[in-house]
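Novice: Please arrange chain B on chain A, whose structure you already have, making use of the hints.
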Amino acid sequence: MVKTERMQAEEVESAPGSAWLTGAAAWFIPGLGHLLLKRWYRAILMGGAVWLCFVIGLQMGGHLFDLNAAEGSSQLLQVPPMIANLGTGLLYIVSWLLGSGFADDPQQAARATYEYGNTFLLIAGLLNYLNMLDAFDIAAGRKP
Amino acid sequence: MMLFATLASIVFGAMAKDTPHERLLYGAKVFAEFMVIGLVLSWILYFIP
Numbered sequence: 001m002v003k004t005e006r007m008q009a010e011e012v013e014s015a016p017g018s019a020w021l022t023g024a025a026a027w028f029i030p031g032l033g034h035l036l037l038k039r040w041y042r043a044i045l046m047g048g049a050v051w052l053c054f055v056i057g058l059q060m061g062g063h064l065f066d067l068n069a070a071e072g073s074s075q076l077l078q079v080p081p082m083i084a085n086l087g088t089g090l091l092y093i094v095s096w097l098l099g100s101g102f103a104d105d106p107q108q109a110a111r112a113t114y115e116y117g118n119t120f121l122l123i124a125g126l127l128n129y130l131n132m133l134d135a136f137d138i139a140a141g142r143k144p
Numbered sequence: 001m002m003l004f005a006t007l008a009s010i011v012f013g014a015m016a017k018d019t020p021h022e023r024l025l026y027g028a029k030v031f032a033e034f035m036v037i038g039l040v041l042s043w044i045l046y047f048i049p
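Sequences listed follow chains A and B, in order. Quick note on the numbering used here: the first sequence kicks off at 1 and runs consecutively. Quick note on the numbering used here: the second sequence kicks off at 1 and runs consecutively.
Only chain A is shown next, with the shape it has when bound in the complex:
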């Protein structure tokens, strides 16, 4: 690799500390990363979509995953959906502290909207991971 190419590659690879902080903020509170970058529309649209998805999921009676496996289920199977749920950052943590959405009783599972709620909660977390990466890229100067 010639010197200029190497220099260009290094330029692209290195991200400032503020970009990492912005990414962390975007994960912790959906929309905050773009707000810090003064990308108001993105913050409202992208952050708002995650908040809405999460609230709708909870209202539908969806289940948030943690490491406590239900009877007859493996703890390992709880990890992938828990990672998806964790993407909502503070929303997951507050729900966990309040014990809201973690109930796994048959009455809740019998609700017609239970599976829809689960999907909304999972997707809220995954969309927020995308938001986080977008905020990080903007802060690092990799995206206009």
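Quick caveat, the hints were computed from the structure, so don't treat them as lab data. Values in this document were obtained by computation on a predicted structure and should not be read as measured data. Please note that a few of the clues may not be correct.
With a cut-off of at most 30 Å between alpha-carbon atoms, the simulated DSSO-like pairs for lysine-lysine come out as follows [what the hints assert, rightly or not]:
id	chain 1	residue 1	chain 2	residue 2
1	B	K29	A	K143
2	B	K17	A	K143
3	B	K29	B	K17
4	B	K29	A	K38
5	A	K143	A	K38
6	A	K38	B	K17
Specialist: Same frame as chain A, but now just chain B:
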């Protein structure tokens, strides 16, 4: 399904492309794809016992 498609396509649309016009088009395209694929899959699964 429409609600889900709307929220997901908002995020995808806002993230992708460069100009607002391109983003709007891409978001609409993703929304349409979600809806069409969802409906097609629903009908396929309807006939499978």
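Novice: State for each hint whether it applies.
Specialist: Tested hints:
1. At roughly 22 Å between alpha-carbon atoms, K29 of chain B and K143 of chain A fall within 30 Å of each other, so this suggested pair holds.
2. Annotation: proposed proximity of K17 of chain B to K143 of chain A holds, straight-line Cα distance about 10 Å (limit 30 Å).
3. Taking the CA atoms of K29 of chain B and K17 of chain B, the gap is about 13 Å. The hint holds against a cut of 30 Å.
4. Of the pairs offered as hints, the one joining K29 of chain B and K38 of chain A holds, with about 27 Å between alpha carbons and a cut-off of 30 Å not exceeded.
5. Note on K143 of chain A and K38 of chain A: the hinted pairing holds, with a Cα-Cα distance of about 14 Å set against a maximum of 30 Å.
6. With a C-alpha separation of about 19 Å, the suggested pairing of K38 of chain A with K17 of chain B holds against the 30 Å cut-off.
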